[in-house]
Structures are given as structure tokens and as C-alpha cells.
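Participant: Going down the list, the protein sequences come from chains A and B.
If you count the first sequence from 1, position 218 lands on 218 in our numbering, and the numbers rise without skipping.
If you count the second sequence from 1, position 109 lands on 109 in our numbering, and the numbers rise without skipping.
Since the hints were made in silico from the structure, they are not lab data.
Everything numeric in this text was worked out from a predicted model, so none of it was measured.
One should not assume that every hint holds.
[To be verified] Each computed BS3-like pair below joins lysine-lysine, with the alpha-carbon atoms no more than 27 Å apart: (1) 461(A) <-> 356(A); (2) 465(A) <-> 461(B); (3) 78(B) <-> 21(B); (4) 340(A) <-> 422(A); (5) 78(A) <-> 465(B); (6) 465(B) <-> 422(B); (7) 356(A) <-> 340(A); (8) 461(B) <-> 78(A); (9) 426(A) <-> 340(A); (10) 25(B) <-> 78(B); (11) 284(B) <-> 340(B); (12) 350(B) <-> 461(B); (13) 461(A) <-> 465(B); (14) 113(B) <-> 21(B); (15) 465(B) <-> 21(B); (16) 417(B) <-> 356(B); (17) 465(A) <-> 465(B); (18) 417(B) <-> 461(B); (19) 284(B) <-> 461(A); (20) 78(B) <-> 465(A); (21) 461(A) <-> 78(B); (22) 465(A) <-> 426(A); (23) 78(A) <-> 113(A); (24) 340(B) <-> 422(B).
Protein chains: 2
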Amino acid sequence: MLRLPTRTLRSTFRSLSSYGKVDDKIVSLICNIVGPDNVTTSESARNLHGTDESFHPTRAPEAVVTPLSTSHVSEVMKICNSHRIPVIPFGTGTGFEGGVGALYGGVCMAMHKMTEIVEVNQSDFDATVRAGVTRHQLNDWIRADGLHFPIDPGAGASVCGMCSTSASGTNAVRYGTMRENVLNMEVVLADGTVIHTAGEGRRPKKTSCGYNLTNLFVGSEGTLGVITQATVRLHGIPEATAAAISSFDSVQNAVDTVVMILQCGLPLARIEFLNSDMISACNKFSNLQLKEAPTLFLEFIGSPSGVEEQAMLAEELCVGNGGENFSWATEHSEREQLWKARHNCWYAVKATYPGKHAYSTDVVVPVSHLPETVVFCHELAGEMGVPAPIVGHVGDGNFHCFLLSNQDDETETLRIKDFSRKLALKAQSFGGSCTGEHGIGLGKRELLIEEVGTGAFETMKIVKKSLDPLLIMNPGKVIDLDHLL
Amino acid sequence: MLRLPTRTLRSTFRSLSSYGKVDDKIVSLICNIVGPDNVTTSESARNLHGTDESFHPTRAPEAVVTPLSTSHVSEVMKICNSHRIPVIPFGTGTGFEGGVGALYGGVCMAMHKMTEIVEVNQSDFDATVRAGVTRHQLNDWIRADGLHFPIDPGAGASVCGMCSTSASGTNAVRYGTMRENVLNMEVVLADGTVIHTAGEGRRPKKTSCGYNLTNLFVGSEGTLGVITQATVRLHGIPEATAAAISSFDSVQNAVDTVVMILQCGLPLARIEFLNSDMISACNKFSNLQLKEAPTLFLEFIGSPSGVEEQAMLAEELCVGNGGENFSWATEHSEREQLWKARHNCWYAVKATYPGKHAYSTDVVVPVSHLPETVVFCHELAGEMGVPAPIVGHVGDGNFHCFLLSNQDDETETLRIKDFSRKLALKAQSFGGSCTGEHGIGLGKRELLIEEVGTGAFETMKIVKKSLDPLLIMNPGKVIDLDHLL
Numbered sequence: 001m002l003r004l005p006t007r008t009l010r011s012t013f014r015s016l017s018s019y020g021k022v023d024d025k026i027v028s029l030i031c032n033i034v035g036p037d038n039v040t041t042s043e044s045a046r047n048l049h050g051t052d053e054s055f056h057p058t059r060a061p062e063a064v065v066t067p068l069s070t071s072h073v074s075e076v077m078k079i080c081n082s083h084r085i086p087v088i089p090f091g092t093g094t095g096f097e098g099g100v101g102a103l104y105g106g107v108c109m110a111m112h113k114m115t116e117i118v119e120v121n122q123s124d125f126d127a128t129v130r131a132g133v134t135r136h137q138l139n140d141w142i143r144a145d146g147l148h149f150p151i152d153p154g155a156g157a158s159v160c161g162m163c164s165t166s167a168s169g170t171n172a173v174r175y176g177t178m179r180e181n182v183l184n185m186e187v188v189l190a191d192g193t194v195i196h197t198a199g200e201g202r203r204p205k206k207t208s209c210g211y212n213l214t215n216l217f218v219g220s221e222g223t224l225g226v227i228t229q230a231t232v233r234l235h236g237i238p239e240a241t242a243a244a245i246s247s248f249d250s251v252q253n254a255v256d257t258v259v260m261i262l263q264c265g266l267p268l269a270r271i272e273f274l275n276s277d278m279i280s281a282c283n284k285f286s287n288l289q290l291k292e293a294p295t296l297f298l299e300f301i302g303s304p305s306g307v308e309e310q311a312m313l314a315e316e317l318c319v320g321n322g323g324e325n326f327s328w329a330t331e332h333s334e335r336e337q338l339w340k341a342r343h344n345c346w347y348a349v350k351a352t353y354p355g356k357h358a359y360s361t362d363v364v365v366p367v368s369h370l371p372e373t374v375v376f377c378h379e380l381a382g383e384m385g386v387p388a389p390i391v392g393h394v395g396d397g398n399f400h401c402f403l404l405s406n407q408d409d410e411t412e413t414l415r416i417k418d419f420s421r422k423l424a425l426k427a428q429s430f431g432g433s434c435t436g437e438h439g440i441g442l443g444k445r446e447l448l449i450e451e452v453g454t455g456a457f458e459t460m461k462i463v464k465k466s467l468d469p470l471l472i473m474n475p476g477k478v479i480d481l482d483h484l485l
Numbered sequence: 001m002l003r004l005p006t007r008t009l010r011s012t013f014r015s016l017s018s019y020g021k022v023d024d025k026i027v028s029l030i031c032n033i034v035g036p037d038n039v040t041t042s043e044s045a046r047n048l049h050g051t052d053e054s055f056h057p058t059r060a061p062e063a064v065v066t067p068l069s070t071s072h073v074s075e076v077m078k079i080c081n082s083h084r085i086p087v088i089p090f091g092t093g094t095g096f097e098g099g100v101g102a103l104y105g106g107v108c109m110a111m112h113k114m115t116e117i118v119e120v121n122q123s124d125f126d127a128t129v130r131a132g133v134t135r136h137q138l139n140d141w142i143r144a145d146g147l148h149f150p151i152d153p154g155a156g157a158s159v160c161g162m163c164s165t166s167a168s169g170t171n172a173v174r175y176g177t178m179r180e181n182v183l184n185m186e187v188v189l190a191d192g193t194v195i196h197t198a199g200e201g202r203r204p205k206k207t208s209c210g211y212n213l214t215n216l217f218v219g220s221e222g223t224l225g226v227i228t229q230a231t232v233r234l235h236g237i238p239e240a241t242a243a244a245i246s247s248f249d250s251v252q253n254a255v256d257t258v259v260m261i262l263q264c265g266l267p268l269a270r271i272e273f274l275n276s277d278m279i280s281a282c283n284k285f286s287n288l289q290l291k292e293a294p295t296l297f298l299e300f301i302g303s304p305s306g307v308e309e310q311a312m313l314a315e316e317l318c319v320g321n322g323g324e325n326f327s328w329a330t331e332h333s334e335r336e337q338l339w340k341a342r343h344n345c346w347y348a349v350k351a352t353y354p355g356k357h358a359y360s361t362d363v364v365v366p367v368s369h370l371p372e373t374v375v376f377c378h379e380l381a382g383e384m385g386v387p388a389p390i391v392g393h394v395g396d397g398n399f400h401c402f403l404l405s406n407q408d409d410e411t412e413t414l415r416i417k418d419f420s421r422k423l424a425l426k427a428q429s430f431g432g433s434c435t436g437e438h439g440i441g442l443g444k445r446e447l448l449i450e451e452v453g454t455g456a457f458e459t460m461k462i463v464k465k466s467l468d469p470l471l472i473m474n475p476g477k478v479i480d481l482d483h484l485l
């Protein structure tokens, strides 16, 4: 296998003895760049920025910096690079895999003050935003132009944070994931160099111009550089939308319906699956009376007559597979009512188990293996005596099982890790992946190796070490530091 | 900027004095692996494999190897690696940028005997093919299952060759490019290591599992490794298809219609633009009577009533922008007749200028800049006194202008290079790219630097040098060797 001179790297690391500390001198240097209002060492700020939505414990950074510009980011990176201080980029903290924890101390680069929407090109269906802009802010900005940025991971994430984890969500089946929707990014590398992955100001819909750096940085979880700007595809708001739901007597029948709908080439915008446990939680939370059975939630877009035709064909396919209670609607308020259960899954589960911490698995399998994977998940939950509410983006074969624990109870935490690992290994055995959209972060570093194998893992290590030779970019995430030394 | 120790690399290179030669001993070593039928040094085979469809002169390799398996490729790579012999992967030789020329001698790895269709998963809409399988062979295999692999660059390219240049073509506006349609690849690295970019046997529709190696190798043009297998997305053959054409009095009106159609969210399968020169060539070649004016060719897919509705809406938009002679059809033979001009562009141009060699430009611009880019292209052609037949995948802002020359006339060749460069710089000035789907190869190495800028170019160099430290993978392509030493 190709290798960089690891011996040199290891001795470099050791000769520096460890990462540099963020002492008063460093804080003062950073303060000279970003100003006193934009750097803090307060405990509350540090704790807030060392925590995400996951069950991984808070790992507070030594300082939190809020740059106002790419130049700020670059200058701060140069200081950190010359003192070998870890840098952890922070978007909105809505990640699920502990990606923002400062395992080795260092500086959190919190991007929320870079809020400029740089450019919207209505005729070209693209927009360029700075790192602090959330998907909601972008959508509010462009709605009146008849455009939307459809990638919807649920949380109010920042667009650049979504780049970082290669996020997707409910409508990936229609619009793809961030991989397919990012045209260009501005990235500050470990040594402070500013690059534009597709060239400054470029926004072609497609290109074969050299190596695809854009998609190398999408999904790199802050371990190769700080994403300071992204240019993304926009889409026209569809003329008409129809929502539908139907319940089934088995997971198999529900998923068979999904496969048939996909095979018919119905232009779905979303197709979501909730199991009985999840419907039960949603009924309680939102005061609904849905049948507590495996249920599909569908959404169609197109022309008014087109969505009607699609909904009727979908009904036929649902009923043919034993689907019951098929109902559909095109009016906004009725659609919202139909999909209410789906929209509130996460909160419904958290409310059903008050005081518990929820963790979301994220496996993805080829759709043909979805029924047996969901059944395996149920059985695993039964064995372990834990509830298993499931919500799935079934058009992609991706589903989430929400696992509950007391964060302070080590036995429960270990059980969740064990559950998550067993489910991931099962998904991998079916040709799937341990993570569809949440990333590796802290929690799945061993699963990454299982999934891609030694050759690809060594290649990833080479990429990491060549672009971040001092290992200061979000160290310990994606690839364990031990594997890099 | 981050750098590998170039001094060491340069001295390594110089101490080896140059690349190794493919002498009798090497041929014999390779013969021991692949057998005598699968290695040749005959002049005709060498010349054939040093040529593509471009105007770049033939650069014959020293030997042509036709591996039968990944293990063959790996073992041959190990020999080449230990003797520092260049390796140039060869698919079908249908490239446009001189990607297969053996600039520094070496071995051509011709993949056409690895013809296995490994797996087709009908319910999951994916297929895995070895490197020799062409897109036509794959489509013939899966048609009866109601599936197709829609990426259509025109030529009968191999699927893995299409991976290599990030190919696309007429229906990228609907299905995306190879970037969006490759799920996994088996790649043999420079030292013979076999990797699976997403892990062996994995075929999830989406994944956030570590760095996106799949899209690092897609579009790498054989400079990072040999692609030996690809897993690609398939799509359902649509229930109904409608084709339409309409002519316009100006490029501006034609392109305005495209933008409006895109904004309406009409689910187009293809939208192609031909200018007057191209229509003229096609009329002569195919004995048609199309009006010699800027013309749009459209294709819609969906349900029977859906495509009818789309065609009618498209007609309304065309007529609203001054479109004439709008006609549409749904029957296969009528559709073929309507699209005949579009299908035969390349041959029509070659037939119009017998004895001339044709070169295809490949710029892509944001759609809003398409009219002025096409006008610029016309003006440039006028200044230079050359014809400028144009065909464009206008939904993506990508178009090709076919330039004719006598290959032996150096003045004509230089004029074409000058034309191509000026057009590319104009496209870049509009935020576009010098290549939408043909790649960099030999012809656009300087344009790559112009397009991505120093920072991204240095990053690409780091990636190249870290994965191919002896620079044996297709040397001189994408990045000039001088930049790597």
C-alpha cells in the first residue's frame, strides 16, 4: 500500500509532544484578528460549542472564535497551524455523531456570524451563501422568486454544515443529497490557504475540470478544512403538491409498495416509512388517531393534473399490496395535517420518554433488503428490551431507529452502542452503509473501516495526511488519531 | 500552501533518470501474468491504442496489455510500479482530449476483455459491470427488465471509461452525470493495491461514510488508478416519451425558452440546441428540410397524459418566445424522425467537410450566459473565417462547437487551439467551465489552472502526488508533469 512517511509524521508529532494549548497569548493573537467580541473562553460558550444532538458527552473547546469573514478564518487558521492547535468547525450543532466535540482541546470555529447570502441567480437556479446561513434563511430569501433549496435534514442546519456531513433527508429520493447539489465551495485549509473547490466564482451545472475537490470536501466533516462558503443548486417550487398516507399489515407489504412505486417511475418528492412504535408515539404527541401499523407517507409534485394522476396510481399500488386507509390531499393545510406525524417524529419520541436522551441510527440498505433489515432491527430491540420507533427515507433505503437512554447510565449507553453497531454490521452485510446522512464523527470510526475495507481506508488516510499533515483539522473525527500516527 | 517534499520527489525522479522502458524482459514478465495472447507490441495495435477521437496526434504506447481480471491489472501494475513504467488505461478510445496518448511511453492497459456484467439488481436499480462493458451492452442486457442506464455521451463508450472522464451527454438535465450515477468502483492504484471506493460489495443509494473516494476517482482520467469495475444507478424505462422541435429567429429567444421551461419545472429528459450551421449540415446529411435557424429539440417522459400535457405547455412557451414550426410526436418512429438531425450531428459535420478532422469544444456556462456565449462563438468563427456548427445540452448550459482542420496543417491546428482557448476563457469569465464532459486530458491543462486557481490546483497536485508518488498513472494528463516535479 502507498504510504506517506509515517515515521517522520509520528516523530514530528512526538517532538511537538502534543497539540498546542490555547493560552492567553493565543487568545490575544486571535483577538487581534477577530476583535474582542468574537472570541470567548467562557465556560457556557465552550460547553455549548462542544455539544451536538448526539449522546456523545460534551467535549468543550478551549476557546470559541466567531469569524466575520473568510480572511478571519484564514488568519486564525495560520495561528493555529503554527502552534499546532486543533480547530473544530461549528455550524448549528445539530449533528448526530459528536462531530463538534473538542477531543484534543483547541479552538471552535463557530460560523454563525458569516450570514451573507452572497448571490442568488434566479435564471440559473443557484445561490452562494456564507457559512452561517441556514437552509431556512436561504429558503425564506428565495421563496418569493418561486425557488427553493429542497434538501431537508429536519434540523435547521446551516447549508455549509450540511455540506460538511453530506446531509440529505426526506426528499433525497427526488433531489439527491448535498453531493448532487453543491456546485462549488470556498474552503480554508489547515495552513490558512483559501481555495475554491471549482475555482473562484465558478458555478457550472456540471464540469469535468480536474479532480472533483467539491465532493472531496462535501462529507469530510471538518477534517480537511473549514467550509466558509457554498454555491448550491436551487429548484423551482413545484406548481402542485399532493400528500398521501396509507397503512399496511406488514413491513414487507409497505416496502413492496415502495419498490413498485419506484419501478413505475412515479416522480416522488418524498416517500417515508413509520413503524407501529413510531405511529404510536406520534398519535400521543400530536393527538392523532392513526392506525398503529407500518405506514407510508408520500408526496408527489408536478402539475395539478399530474399529481392527481400520481396519487391515484399510488393508491392503486398501495391497495394492491394490502394498504388501508389511503387518503390524499393537495391543499396545504390538509397536507400538513396528513404529514403531521412524520414531521414531529423526533419530538414525539423525546416526549414519549421524558428525561431520556435519544440517539438516531442511520443505516442504509439496498431497498430490496429493507424489510429484513427493519425486521432485524425490531428483533434486536426485542432482545435488548428497548423500544424501537423507526422512521425511514425508504426511497433511498435509509432509516433511523431512535434509541433512548439515560446519558449518565453507562450500561444503557453501552447497550445503545452495541445495538447501533449490530444494526450497522447487518446493513453492511446487505451491501449497505452504516451511515446514510449523519456521517462518521466519533461514533462510527470502527464501522468506517469495516465498511470500506483496508485499501480504501488507507487511501482515505493518505488524503487526510497529505491535506492536513499536522492533523489539526477536527482531530479524532472520521479517522481515529491512532490510525494516522 | 501545503506541499509534499517536492525536493525529494524531484530527486527520486532524476535519480531514476526517467521512466523505465518496456523492454523484452518487461514484456516477458507481463506475459507470464496475462498470457501471450494478451500482450502485444505490434505497431498497429500500439498506434490504435495511442489514438482517440481528438486532433491530438497518436502517441503509441510501447506495449498493449489486455487484462482478463482485476488480479491481472494488479499484478501488471506492480511490475510497472517497480520499474517506474507509465500505465495508460484505455476504454474504447472515444475520448476527445487525447487522454489515451502515451506521452512518456509505457504500457496501455486495454480493458475490452473484461466483459462481465457482474450483477443486476432489478428491485434496487443498480448494476455492477467490469471495465470492458459498454453502455450499449449494459442497456441491451437490462432492457427486458424495464430498466436503462440513461447516461448517453453519444459514443459507444465503456461504462468505466465514462467514469474516468465524468461523462454525461444529452440527458444529464434529467439524470445527472456520471458523478451522480456511480455508487462504487473497484480501482487498482499505482502500486497494484485493489480498493473499492465505497467498500467491497457496497451499493447504498447514498452514504456519508468517510471521504467520497468514488467521486475522487470519477473524472480522474486514469491519473490516479485503473478503474476495473463500476456499480451504477439504473432507472426505469419511462412509460411514455414525447419528442418535440421548434425553430427560433434568434439564439436569445431559443435560450429564453429553455430558461422558462426549466423554471416551470417541466420534467425534461433532454433539451438540445442546434444553430443554423448545424441544421444546415444535418439537412444535407440526412436529407431533411428543417428551417435553417436556431432550433430546440425537446424530450419529455412520464405517463401518456403527462407527456402530452408537458408537450402542450412547452409549445405554449416556445410560441410565446417566437418559436415556429413546433411539432411533437409520441410514436417511436415519429420521434426518431423528429430527432434525426440531433442524433447525426457529429457525422453530418464530418460529412460536410470531407477529409477534415473535427474537434469538439466543450464549454459550459450558467444558462443565463448561454446566448452571449453562443454569439461570442459565432463572432470568433467569423473573425477566424471558420464554420461553427453548434450543438448544445442547453439545460446544463453545455455546448459543443465543432471545429474542422487538416490534421497535418499546423496553422489550422494552432487556429483551433486558439479558438478553443478563447472560447473557454470567455466561458470561465461567465462563471462557467472549460469542460462539461470531455475532461482535461492533454488539451486543457493550462485552462484547468486558469479555472480553479492556484489554491485548488495545488490541492489537486497534492492529491495526485500522494496517490501516485512515482507519477506512473497516465503521466502528463490533467496536470502537466512539469508542475509535479
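Participant: Confirm or reject each hint.
Facilitator: Checked hints:
no.: 1; hint: 461(A) <-> 356(A); verdict: violated, 37 Å
no.: 2; hint: 465(A) <-> 461(B); verdict: holds, 14 Å
no.: 3; hint: 78(B) <-> 21(B); verdict: holds, 15 Å
no.: 4; hint: 340(A) <-> 422(A); verdict: violated, 31 Å
no.: 5; hint: 78(A) <-> 465(B); verdict: holds, 24 Å
no.: 6; hint: 465(B) <-> 422(B); verdict: violated, 30 Å
no.: 7; hint: 356(A) <-> 340(A); verdict: holds, 23 Å
no.: 8; hint: 461(B) <-> 78(A); verdict: holds, 21 Å
no.: 9; hint: 426(A) <-> 340(A); verdict: violated, 31 Å
no.: 10; hint: 25(B) <-> 78(B); verdict: holds, 15 Å
no.: 11; hint: 284(B) <-> 340(B); verdict: holds, 12 Å
no.: 12; hint: 350(B) <-> 461(B); verdict: violated, 37 Å
no.: 13; hint: 461(A) <-> 465(B); verdict: holds, 14 Å
no.: 14; hint: 113(B) <-> 21(B); verdict: holds, 25 Å
no.: 15; hint: 465(B) <-> 21(B); verdict: holds, 22 Å
no.: 16; hint: 417(B) <-> 356(B); verdict: holds, 15 Å
no.: 17; hint: 465(A) <-> 465(B); verdict: holds, 12 Å
no.: 18; hint: 417(B) <-> 461(B); verdict: holds, 25 Å
no.: 19; hint: 284(B) <-> 461(A); verdict: violated, 57 Å
no.: 20; hint: 78(B) <-> 465(A); verdict: holds, 24 Å
no.: 21; hint: 461(A) <-> 78(B); verdict: holds, 21 Å
no.: 22; hint: 465(A) <-> 426(A); verdict: violated, 31 Å
no.: 23; hint: 78(A) <-> 113(A); verdict: holds, 20 Å
no.: 24; hint: 340(B) <-> 422(B); verdict: violated, 31 Å
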